[in-house]
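Protein chains in written order, with the working numbering: chain A, 1 to 369; chain B, 1001 to 1126.
I should point out that these hints are in silico values taken from the structure, not numbers from a laboratory. Fair warning: this is a prediction, and the values are worked out from it, not measured in the lab. Among these hints, one or two may not hold up.
To be verified - Under the rule of at most 20 Å between Cα atoms (straight-line distance), these lysine to any residue pairs were calculated in the SDA-like manner:
{"no.": "1", "chain 1": "A", "residue 1": "K293", "chain 2": "B", "residue 2": "K1089"}
{"no.": "2", "chain 1": "B", "residue 1": "K1089", "chain 2": "A", "residue 2": "R297"}
{"no.": "3", "chain 1": "B", "residue 1": "K1089", "chain 2": "A", "residue 2": "K22"}
{"no.": "4", "chain 1": "A", "residue 1": "K22", "chain 2": "B", "residue 2": "F1040"}
{"no.": "5", "chain 1": "A", "residue 1": "K43", "chain 2": "B", "residue 2": "A1064"}
{"no.": "6", "chain 1": "A", "residue 1": "K24", "chain 2": "B", "residue 2": "G1036"}
{"no.": "7", "chain 1": "A", "residue 1": "K351", "chain 2": "B", "residue 2": "D1029"}
{"no.": "8", "chain 1": "A", "residue 1": "K351", "chain 2": "B", "residue 2": "K1089"}
Stated by the list, open to error - Over 10 Å on every C-beta distance to chain B, these chain A residues come out as not near it, computed from the model:
{"no.": "9", "residue": "A41"}
{"no.": "10", "residue": "G177"}
{"no.": "11", "residue": "D234"}
{"no.": "12", "residue": "E283"}
{"no.": "13", "residue": "G284"}
{"no.": "14", "residue": "N369"}
Note that beta-carbon positions come from the ideal geometry of N, C-alpha and C, so glycine has one too.
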Amino acid sequence: MSVGSDTPLAKTPLFDEHLRLKGKMVPFAGFEMPVQYPLGALKEYQAVRDGKAGLFDISHMGQVRVKGDGALAFLQYITTNDVSKLVDGQVHYSALLNEQGTFIDDITTYRINDHEYYLCINAANRHKDIAHLNEQAANFDVTVSDESDDTVLLALQGAESQNLLQKLTDTDLDSVGYYRFTLTQINGADAIISRTGYTGEDGFEIYIPNSAATAIWQLLEESGAEPIGLAARDMLRSEMGYALYGHEINDRVTPVEARLMWITKLDKGDFIGREAVEKRKAEGPRQRLVFLKLTARGIPREHYKVVADGKEVGEVTSGMHSPLAGCGVAIAYVEPKHAAEGDLAIEIRGKPVPAERTSSPFVRSNVRN
Amino acid sequence: MSIPADLKYTKDHEWVRIEGDTATLGLTDHAQEALGDIVFVELPDVGNTIEVGDAFAVVESVKAVSDVYAPIAGEVTENNEALEETPEKVNEDPYGDGWIAKVKISGDDYSHLMDADAYSKLLEEE
């Protein structure tokens, strides 16, 4: 979705809270969202990494409920991961592909029970995803409901998250494992609490109705959770090497290029894009995702060139100064022959800055396993 | 918002302190606040000749890359190497430890620079 200057920006139900907390609001995926609060992006990042809890409004993301006797068959056909492996209360990372095997979106799939599932999708892809789901649903015994406008999604991330959230719910959160969720109540409102997130720290994602959002947000904030803006969120995400739609993932790459074959189960039966992905796997990827650390000073940024022997061989998709690694780090696509061997550099303002390949994540993950 | 009376300013939010034929250059308090946390500064090389309006240094915040434009013409005689290790000084002390470079001034026409009052008015209008 492209948003021109004449497109009015949407507001999440927590918009007034962001203003109250003096968030600096910017356009993002069609919404007006806080890029940072007065604390500043670096200290917000540190609050999450250094054992506190960060509170994120990620209500711009979309939610879809899929119900019916055909729900499993439908999701097996339209998503890449093996939905038959999910048990009630389990969630997994997955993707929607088109027939060319390239990404429509990356998503999470929640199994509520054997005929009811819940999907979380990217804000910028919401209308495209819904149209695709509705089109495909015609062939299955399912109903697809877009609940995005009625749902607030909070992320509470960082080592202190469980202690803060436990005060607001009777459900024993310690019993909710990584990539598991519970249907419960928070402050009297129906909620889905899942131990998921995109920061590399322990924490939760919390789905609540709009009407309950402000009170729960305030309770968490007053109990010490630090509001976190988009800038720090992207630092936390990039430092873990996690893919983001529009950066590492788009409709020009398949899971073979994006190193997402671990969520693409070719042996589960037919699904949209399978044939194309199998073919691409056999042919070999057209480019490869690599994780790079600069060995000299500089900050890699999205769209900077990756060079080898003075020749352009790839492009940075996400880049940042990693406070923990103490250097510039980048996720980039390069030509396959440069994915494993030979010297690489990232061109910054016309100068090649040497980089070395590393593995993802760039820094240690503290998620609960 | 601090705007020291003894400095000159540009509309691009650089400051300059003129002492004899030497000028010290940096970013204003308003600039550092608008940029947010500075995490990288690319300094000009000593010996570089700069003209008014040249992009002579680069500051990078968490999310953005910004050129710093020369408020005055001259030859760079010193750069603030401390910023390579502690770029946050631009945020913490923009008119002091956060200075970027010193130049030996060429020419004596400062008419394009603003005094503190004029810069203060500019900020009010923005």
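Verification of the hints:
1. K293/A - K1089/B: 25 Å, violated
2. K1089/B - R297/A: Since the Cα atoms of K1089/B and R297/A sit roughly 17 Å apart, the hinted pair holds (cutoff 20 Å).
3. K1089/B - K22/A: 24 Å, violated
4. K22/A - F1040/B: Given that 20 Å is the threshold and the Cα spacing comes to 26 Å, the pair is violated.
5. K43/A - A1064/B: 17 Å, holds
6. K24/A - G1036/B: Holds, because 11 Å separates the two Cα atoms, which is no more than 20 Å.
7. K351/A - D1029/B: 30 Å, violated
8. K351/A - K1089/B: Given pair K351/A, K1089/B is violated - Cα atoms ~26 Å apart, limit 20 Å.
9. A41: Given a closest Cβ separation of 4 Å, the condition is violated.
10. G177: G177/A clear of chain B: closest Cβ-Cβ about 33 Å, beyond 10 Å.
11. D234: 8 Å, violated
12. E283: Given that every Cβ of chain B is farther than 10 Å from that of E283/A, nearest at about 37 Å, it holds.
13. G284: The claim stands: G284/A keeps its Cβ more than 10 Å from every Cβ of chain B (closest is about 35 Å).
14. N369: Holds: least Cβ distance 29 Å, greater than 10 Å.
Hint check: violations occur at hints 1, 3, 4, 7, 8, 9, 11; the rest are consistent with the structure.
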